[in-house]
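Asks: Residue strings, one per chain:
There are 2 protein chains.
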Amino acid sequence: MRDFNYYAPTEVVFGRESEEQVARLVKKYGGTKVLLHYGGQSAVRSGLLDKIARLLSEGGVEYVTLGGVVPNPRLSLVHEGIALCRREGVDFILAVGGGSVIDSGKAIAMGVANPDEEVWNYYLQQATLTRALPVASVLTIPAAGSEMSGNTVITNEDGNFKLGFGGPALRPKFAIMNPERTMTLPPYQTAAGVTDMMLHIFERYFTKDDDMELTTALAEATLRTIKTAVFDVLKNPNDYRQRAQIMWAGSVAHWGLLGMGQQEDWATHQLEHELSAMFDVTHGAGLAAIWPSWARYTMQENLRRFVRFAVNVMDVDNDFTQPEQTALKGIEAMERFYRAIGMPTNIRELIGRDITDDEIDEMARKCSHDGKRSPGGLKALTRDDMVAIYRMARG
Amino acid sequence: MRDFNYYAPTEVVFGRESEEQVARLVKKYGGTKVLLHYGGQSAVRSGLLDKIARLLSEGGVEYVTLGGVVPNPRLSLVHEGIALCRREGVDFILAVGGGSVIDSGKAIAMGVANPDEEVWNYYLQQATLTRALPVASVLTIPAAGSEMSGNTVITNEDGNFKLGFGGPALRPKFAIMNPERTMTLPPYQTAAGVTDMMLHIFERYFTKDDDMELTTALAEATLRTIKTAVFDVLKNPNDYRQRAQIMWAGSVAHWGLLGMGQQEDWATHQLEHELSAMFDVTHGAGLAAIWPSWARYTMQENLRRFVRFAVNVMDVDNDFTQPEQTALKGIEAMERFYRAIGMPTNIRELIGRDITDDEIDEMARKCSHDGKRSPGGLKALTRDDMVAIYRMARG
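Chains as they are written, first to last, in the working numbering: chain S, 18 to 412; chain V, 18 to 412.
Keep in mind that the hints were calculated from the coordinates and are not lab data.
Certain hints may be false.
It does not matter which identical chain is used: a pair holds within one copy or between any two.
What the hints assert, rightly or not - The list that follows gives simulated cross-link-like pairs (lysine-lysine, DSSO-like), each with its CA atoms no further than 30 Å apart:
id: 1; residue 1: 190; residue 2: 383
id: 2; residue 1: 225; residue 2: 252
id: 3; residue 1: 252; residue 2: 396
id: 4; residue 1: 44; residue 2: 190
id: 5; residue 1: 45; residue 2: 396
id: 6; residue 1: 396; residue 2: 346
id: 7; residue 1: 50; residue 2: 244
id: 8; residue 1: 45; residue 2: 190
id: 9; residue 1: 50; residue 2: 190
id: 10; residue 1: 252; residue 2: 346
Model the full structure from these sequences, guided by the hints.
Replies: Encoded structure:
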């Protein structure tokens, strides 16, 4: 069993009235002037942004606002935010939204605290992070897990590079989670979010290190809970109980617990980042389009793990005489699940047309850093592997 | 579903070489002079205490030592520790041992940081805790979960009062966990520890709030993992993989995750505290002696929960026509489990003689604070309820 470090210090306030505590929490973690960071108009229309701003003011906390974060958040807005925070003397980043807004906020937090470093250099692994402004969130879209993780993913429009970075300095101080805020999510966003959080578990679950039973059992329990809850919320978007399961599961999936003691994989995320960068698709949908092909391509690396997944998560009958068939039935069951929640299972369904060989070659080139990088813990993918998987996934 | 707060900031370093990091971690969390707190001779004999002392010295951290913590740790030693720390200018408490040592260390941490308050007053709920010295541990006995929880239980020998107290200021800064250190635990201690950690889950799992599926599913996964691992380590004490499952499960069980979104119970712990205070028995063994009777007495409060436990944790076939029979079979299966790992299932087996009516009345009097307190979330137990459960449990 692998040694591990576990550290998840984010304070979570979860429930219907949780937003009321925002000013107290900002002050508790040292904030005096906040950047209220958000995305599109939904936070404005819903009244949430106004409510948070009012609560901060009433609590004696100053703030400035910066909206406009888009899915696959952009480096240009990060630079704008860094300049704004320096100008205004902001000492705390409060993201109101989902993973994109939090990831953008983390990038701003790095940039403000390190004025002598171009923030993109952290993503390029060309700089070492030792400090960042404190970050926290009022979560409205459960999926990315960024509200408790130390990770951020940013897209540099100059070349369509989408890169991730992580470190303990980026662990958010607190997360306010009110499941009611997720009830207005469109079905596609709900389904894409669920896909994303399940993939965060898959990236840890599919490993050669299958000797860490507790981590594995907790992962399976979380996956089964998500799998059941999503159909209830697609049927009844106002199902508080099941919205709450999904919201909390999104955090559990990604704060680290479900990967302890084993090597992680993350190749599917890398493959999807190129899809998002090239076609600006929803991250969760991109993952659904890639994962079944990744799974078929890599399952021989640890077949019994895919058998276990089929039986324990996807309720496939175990044919003990034919483990490969059982494993494949698990992947097929996952594809049926994706279709049932309105997600694609290949790239054609994702982007609405056939992907070209040139596009595949370009994605594989970038994903492999011109052949210099082989992501993937279960199977380290060469550039040729990537081409093969993208082709399997073209549909 | 109930609102909840989640906060578990303890940094865990888990694995064979984890102790090597002790000086770095103490300094990271601000320690310059450490109280090295420990129990009996096993920490000395094993060489662990010397190793930690040497690592601290080499890392430039001063220390003083205080041993002698006993199971059901005593207030008198806490007072001694507080005086020692004040005299020596200690600013960090490092417990080397199990739950008793950590709990004693937490009490000392409260006392040193609050010189104007008698530390026992916190346990009596007659004082409010706002600060404590930082506490951390090198864990050698997985069971109590104190290494990541904000709780402490201390016995005041003056009247045999055993009381618990908790608060965020007591959350340990870090926990060093090396499963190899648990390999020398005698079978009885291993079994009692497993019983304790399972009870930490039971106290949260048996609730009327059975609408928090994720918490429930995670709890069941943890219980099943423990239940399997314990037989392997009783058979082969040096089974690193399964020792690691148990060690990590002990933390997962008690840091808070497995209670989120639901009311907790904790009556069995209260009933056992009186047994420990009166007969100085091992806490885990006392829990095993009480729980089956508590379960039979309270199961009608939420019968479907006990049915679920029987089926999902104890592998009882669900007789859908007779839920009460299914629930009882789950409790019986748990009793068989206790016997199989060498734990008692009633008070006679625990203390080696019949308990008297007077002793039962005295325990119920103290547990109920002379009838003024009714602990228990699933069923609030009156003094009469306590008498009834102790009598059911006499064996």
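Asks: Confirm or reject each hint.
Replies: For each hint, the structure was consulted:
In this homomeric assembly, residue 190 and residue 383 never come within 30 Å of each other (Cα to Cα): the closest approach is 34 Å inside a single copy and 41 Å across copies. For the homomeric pair residue 225 and residue 252, the shortest alpha-carbon distance between copies (26 Å) is at most 30 Å, but the shortest distance inside one copy (37 Å) is not. For the homomeric pair residue 252 and residue 396, neither the shortest alpha-carbon distance inside one copy (38 Å) nor that between copies (35 Å) is at most 30 Å. Taking the shortest alpha-carbon separations for residue 44 and residue 190, both the intra-copy value of 11 Å and the inter-copy value of 21 Å come in at or below 30 Å.
Taking CA atoms no more than 30 Å apart as the test, residue 45 paired with residue 396 passes in neither setting, with 44 Å inside one copy and 36 Å between copies. Proximity of residue 396 to residue 346 under the C-alpha cut-off of 30 Å is restricted to the intra-copy arrangement: shortest distance 21 Å within a copy versus 45 Å between copies. Neither within a single protomer nor between protomers do residue 50 and residue 244 lie at most 30 Å apart by alpha-carbon distance, with minima of 40 Å and 50 Å respectively. In the homo-oligomer, the alpha carbons of residue 45 and residue 190 lie at most 30 Å apart both inside one protomer (10 Å) and across protomers (18 Å), since each shortest distance falls under that limit.
Taking CA atoms no more than 30 Å apart as the test, residue 50 paired with residue 190 passes in both settings, with 15 Å inside one copy and 28 Å between copies. Proximity of residue 252 to residue 346 under the C-alpha cut-off of 30 Å is restricted to the intra-copy arrangement: shortest distance 26 Å within a copy versus 37 Å between copies.
In summary, the numbered hints that this structure violates are 1, 3, 5, 7.
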